[in-house]
Structure formats: structure tokens, C-alpha cells
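Input sequences plus hints: build the corresponding full structure.
Okay, here's what each chain looks like letter by letter:
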Amino acid sequence: MWVTGKGGVGKTTVAAAIADVAARHGRNTLVCEMDAKGALANAFDVGELTFEPTRIAPNLQAMTMNTEDSLREYLRLFVRIPLLGRIGPLASTFDFVADAAPGVKEILGVGKLCYEVRERHYDLIVVDAEASGHIVSQIGAPKVIADLVQVGLVRDQTQWMLDILDDPQRTGVAVVTTPEEMPVTETIELLARLRDETGAHASAVIANRVLPVLFNRREQRIVDRLDEVMPLLVDVAGPSVATVVEAARLTETRRSTGAEHMDRLRAWLDNDAETPLPIITVPEMFSRGSGPRVVSLVADALTDELDPDPGGSDG
Amino acid sequence: MAELDNLLASREMILVAGSGGVGKTTIAAALGVAAAERQKSRVLVITVDPARRLASALGLEEFGNVPVRIGPSAFEEAGVKVRGEVWVAMLDTKAGWDELITRQAPDDETRAAVLANPLYENITRRFVHSHEYLAMEQLHDLHARGEFDLVIVDTPPSRNALSILDAPARMREFFGSRLLRWLTVPYRSRLFTVASKPFYQVADRVLGSRFLQDIADFFVLFQAMETGFVRRATEIEALLVDPRTAFVVVTTLETAPSHEARFLARSLVQRGMSLGAIVANRVLPESLASTAAADSAAALLEAADADPTGGVAGDVADQLEVPLKQVTAVLRQIATRFDDVALVAARESDRRLELVDLAPVVLTVPWLSGDIHDLAGLGSLADHLRSGG
Numbered sequence: 001m002w003v004t005g006k007g008g009v010g011k012t013t014v015a016a017a018i019a020d021v022a023a024r025h026g027r028n029t030l031v032c033e034m035d036a037k038g039a040l041a042n043a044f045d046v047g048e049l050t051f052e053p054t055r056i057a058p059n060l061q062a063m064t065m066n067t068e069d070s071l072r073e074y075l076r077l078f079v080r081i082p083l084l085g086r087i088g089p090l091a092s093t094f095d096f097v098a099d100a101a102p103g104v105k106e107i108l109g110v111g112k113l114c115y116e117v118r119e120r121h122y123d124l125i126v127v128d129a130e131a132s133g134h135i136v137s138q139i140g141a142p143k144v145i146a147d148l149v150q151v152g153l154v155r156d157q158t159q160w161m162l163d164i165l166d167d168p169q170r171t172g173v174a175v176v177t178t179p180e181e182m183p184v185t186e187t188i189e190l191l192a193r194l195r196d197e198t199g200a201h202a203s204a205v206i207a208n209r210v211l212p213v214l215f216n217r218r219e220q221r222i223v224d225r226l227d228e229v230m231p232l233l234v235d236v237a238g239p240s241v242a243t244v245v246e247a248a249r250l251t252e253t254r255r256s257t258g259a260e261h262m263d264r265l266r267a268w269l270d271n272d273a274e275t276p277l278p279i280i281t282v283p284e285m286f287s288r289g290s291g292p293r294v295v296s297l298v299a300d301a302l303t304d305e306l307d308p309d310p311g312g313s314d315g
Numbered sequence: 001m002a003e004l005d006n007l008l009a010s011r012e013m014i015l016v017a018g019s020g021g022v023g024k025t026t027i028a029a030a031l032g033v034a035a036a037e038r039q040k041s042r043v044l045v046i047t048v049d050p051a052r053r054l055a056s057a058l059g060l061e062e063f064g065n066v067p068v069r070i071g072p073s074a075f076e077e078a079g080v081k082v083r084g085e086v087w088v089a090m091l092d093t094k095a096g097w098d099e100l101i102t103r104q105a106p107d108d109e110t111r112a113a114v115l116a117n118p119l120y121e122n123i124t125r126r127f128v129h130s131h132e133y134l135a136m137e138q139l140h141d142l143h144a145r146g147e148f149d150l151v152i153v154d155t156p157p158s159r160n161a162l163s164i165l166d167a168p169a170r171m172r173e174f175f176g177s178r179l180l181r182w183l184t185v186p187y188r189s190r191l192f193t194v195a196s197k198p199f200y201q202v203a204d205r206v207l208g209s210r211f212l213q214d215i216a217d218f219f220v221l222f223q224a225m226e227t228g229f230v231r232r233a234t235e236i237e238a239l240l241v242d243p244r245t246a247f248v249v250v251t252t253l254e255t256a257p258s259h260e261a262r263f264l265a266r267s268l269v270q271r272g273m274s275l276g277a278i279v280a281n282r283v284l285p286e287s288l289a290s291t292a293a294a295d296s297a298a299a300l301l302e303a304a305d306a307d308p309t310g311g312v313a314g315d316v317a318d319q320l321e322v323p324l325k326q327v328t329a330v331l332r333q334i335a336t337r338f339d340d341v342a343l344v345a346a347r348e349s350d351r352r353l354e355l356v357d358l359a360p361v362v363l364t365v366p367w368l369s370g371d372i373h374d375l376a377g378l379g380s381l382a383d384h385l386r387s388g389g
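One line per chain: the protein sequences are A and B, in this order.
Be aware that the first sequence starts at 1, since it is given in this note's numbering, and climbs by one per residue.
Be aware that the second sequence starts at 1, since it is given in this note's numbering, and climbs by one per residue.
Since the hints were derived computationally from the structure, they do not count as laboratory data.
None of these values were measured; they are calculated from a predicted model.
One or more of the hints may lead you astray.
Claimed, not checked - Here chain B is said to cover these stretches of chain A; the calculated rule only asks that three of the stretch's residues, wherever they fall, bring their Cβ under 8 Å from a Cβ of chain B: (1) 213 to 223; (2) 228 to 241; (3) 247 to 256.
The beta carbon of each residue, even a glycine, is placed where N, CA and C say it ideally should be.
This is the structure in C-alpha cells:
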């Protein structure tokens, strides 16, 4: 399960929460951070994560992708080069290869994850993937390599990766968004690009930080007219009551602006496919922005929204 | 406040940086408008992938590296008084690379061969840092042409905001790297050169010799442009630390973006770059975090609950001629939900304090209802920036 979305929408928190839910339901789960920013370690409040998975909870292991380590593992497993010391300079100049040769860095990350799937080391791998700008080149790397590289070991190995990535039973992409203009626009663009440029299947849109509806229509009309009776409110609650009313209005405006963006997304999804992608809603937690507390709150919200059947095809 | 206007008047280049989703593009555009309001100068805003509606408001119907001027009539219609000119350009990476190759290629033959190489498009398009390098390139180019008094660059969203600053150095290092030397070793001597032999043994097996040859061909061509690229990268680096260049870091006061903003601000200063301002965007009013407001909310809840048959809810219901039940529900909801908003506002005000020591100017822009997608919106955002010290 790849979890992506525009930067700042809470991608890592959602990925951590999905992994948490799966592990709580007894599934042997690996969660992997692709961009090595340390946000995943922060979400679980554990020390620095490494390429070697760390057990952070029952049924739950976490790792961070490191393409150089992945290359080493790959060489050891597939090319059977025992003495890596001899190709030391390869590692030290690796960054440059990765920048220069298209898809190489990406495929080392994707390849490692596909390898774990193929070897059935886990029941579920949750990928805290790159932001929506980069995910297509990441998940599409095997296809790019297959197109560019005519022969060699890498070429041979892109096929089984594509088999895994293109199989909706085994690979899904969850796109996280918030009910705001840019995240919703990027979600729509990303879903189209995933379909057009990769064989991967989107499995859900997760709407994060959705504000609750505070008032029904009749109540809203009353809220709109409260300025007429402000002196009555000031009498019982003091002059700062105006700020309190303003806060509710602010929240309501934010909510309704967000709802318009979600309507736009829903209309696009309905129009896009015969069975539209589900939108899973995670409410605003009014809690800390990140960390174990919010991960656990989001996990609870996801459990409420999802069918928790561990045999389901949602994973 | 004068701080913003001073910054805009004293610098020739402003780079707007920050994590994704914080409103960088909009702030960059508003800075451009703010500059043109006060100065009789030509201001250019270079943006990357703006929201569609903002793009069309700016008259950007399609991507293009050629700056387009926002017509004076458009400002007039929006009620924004500008003394200067605002030009905009939207970065097109592919065209940018083509231009760059065309400029740097030593001869027509090299240029044609690079542009026709099968890897070229992939490398320039998918190359993760190519956007960053190109942004720097464009900035340098526009500055060197001397057509604008102020160039404002909305830096590309990047997983690490610093990669944009490192892009020129990486380009230069790349040309001096062992890897490039190996890649461009003539095919026959590869396996006989002691240093590159292990590399080629592995690379051949892993990537296949054909792919490797494509890469090598490309970089042999690329190497012909070394002098131009290295000189240019060095010039861009110099421009970044030039006192005429300033950075503006944009952030919201949510946890993750403000964490990244603090990191970015410190790193800029460490690198000897000039941090002009931090903009805290979409900030809740500070009054929401006040004790007085919290007390009012508590008092309102108590009053709404105190007497279900009358009291303040009854008075409000009578005056507005609406059912008492609905009024009670509204007042309770307003009072109980206040805590949520106040909590967010309190955390935001803590995070704002954490930013204060990092930059000479921290500007606060309030949360505005709706996204900004026209010139009038940019004008009012410019006002907020000016008064947000």
C-alpha cells in the first residue's frame, strides 16, 4: 500500500496509522519511509530508523529507504558479489549514478519493496511514499527502466516487479489529501497520471483533517444573525464573546470552503470510473500536528471508516 | 510596515522557499504586487506550477519561459494601484533544458547529438534535481539580462528545500566526479583501467552494457559542455550568497511546515545566505488564544445551559423570532467548539514565537477565507504582508 499526497497533507501520519491499524488486527506489517526525512520516526516517537527494519510494536516493523543499502543488498542477493569493499568507489559515487541514470535510484527503492512482497516476509507493507510530484517516477521506475534498458540483470528483473506493482490485489495507492484547493487539484492530477503513466491502481483517496459540520441550515441562519443580539450575549459572557462567535464562523467558513473542494473531487471521481474510488474521511483531530497521539487518533478514525476484515482486498 | 517595503526595495532577487502546501506561489505573487505598488520598477515573478485559477488570474494560460506582463488595465479593474510593472513567467523545465543545452553546446554537432540522445529527455525530465537546477539557471539568466529591477522566484516544491541551493554545486561536482571520468572512458580501455574496472564489471552485469553505453554516450557529449556548465554553476552559487539576494521562507504554523521552516532558516544562515523574512501564512487570529475569550466561551455555555426555558437563549430566540431549541443548540455548539479552535490558535502562537529569533522580520498573514485567485486577492494579501510585522 503506497501512501502519497501533496506535501503537508499528513501523508506520514496516515501511513503510520494504516500500519498501526493493520498491526493491531494481527497482520505482520512493515512500514517504510521513502524520503528519509525522519517524519516516520517522529510519528511513532522512536529513534532514528534504518534500512534494517526495527520492531516498534507487536506485528509492526519500520524502516527507512536508503538506496545505497538497497544496492548493496541487491548486489549481495542477485549479483552475488561477496566483497563489497572491492567496489567501494561505486558506493561513494552512487549519488551521481542515481542522478544521472534515470530510474536507477527509484528502482532500487521500489525493487526492495517488491522483493519483500515477493518473498512474503510481511502480510502488508505500507509505504510512506514520496509526495505526489515524485511518486509517479518512483512507482513508474520499473517501466522506465524496462523501456530504456534492453539487456542485463536489471532488465530481467523489471518484469516481476511490474507484475507485483500492476496487480490490484497486491499493490494499491492511497492518495492523501486535505479539503483544500491545491491538495485536491494535485490529487486529481496524480490519479490521472498514475493511470496514464503507470500500471499501478489507486485504491482510495483519504481526506485528512476534515472539519466537522457545526450547524445545520436553520442553525447557520441563526449564526449569521447573531450580531443583532450581540449585546445580549455580551451581558452573560463578556465582550470577548464576539471572538468566540467569530471562531465558530471561521471554522464554518473553512469547513464549507473545504467541502466545495471535496465536492469537486467527488464529481471528478464519479465521472472518472464506473466504480468510483472511495473517499475515506479522517476528521480534524484538533490535536498535535504529528506524533504518536495523532497517529493513534487517526488510526481509530480509519478503523471506524474501514472494514477491518484482515482478509479484505483493501490491503 | 516599512520592513517589507525595505526588503523589496533593497534587493534584486528574492527566493521564496518553504515546504509544499504552505502557499509559496501565492506569497511570491503577492510580493511582486507589493513591490510594484511602492516602486516604479519592473518586477518579475517566476512561478512553478501555480494553481490554475491563480495562473489564469496572472494571465498565464500556458507554460513559457518568456516573461509576460500583467496589463495595467487588469490591475485597474482589480482596484490595485501599481506604480511599477509586474511580469510573470512559469518555469518550463523541458524548454529550459533545451535552451541551456543550446547555449552551452560548443558546436551545432554536439547540440544536435545531445538533444537527440534517447536518455536526454529522461534525464532532464525525470532527473529529480533538474527542476532545482533549472530554477537557479533561469534566475541567473534573468538577472544577468538586466531587464528587471527585482526578480522573485517561487522555488519548486522539493523534498528537501535545501536541494535547490545545492543544485549548482552538485552540477559542478558531477563534472569533476570520478563517475563521469569512468563513464566517459573510451570503451576498449575500460576493463584495463585499474580504477574503473570493478565499476564496469558490476555496472555491466547490473545495467547491461547497452544501457551503460547509452549513458556513456550521453555524458561524453555532456562533458563537452563542462566549461560552460561549471562556470555557470559557480556564478549561480555566487549569486545565491550575494547581498543583493534575499530568501523569504514561507510556512504555516502547523507542526511539520514550521519545523521545516526553522530548519531551512537556520541552514540558509549557516550557508551565508541572506534570510530577508519569514512569512507565517494562514494564521488564526491571536485573540482566539486569549484567556478572556476562553472565559467568555465558558460563560456562554453556562448561560445557555442554565435555564432551558429562558435566560439568554430565550432572549435571543425572542428577539430573532426563531425557536428556542435551535438557539440553545447554536450557543452550546459555539461555546463547546471554541476550545478546539483556541487550542489550534494557542499552538500556532507558540510556533510563531519559535520563528521570531530566526529572521530579522517575521510577517504574519491571517487565514483568509477561500484561496486567492485574482489580482484583487493578491492586492489584499500584499496589504496583509505589509501590515503583518
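Those earlier numbered hints the structure runs against, lowest number first = none
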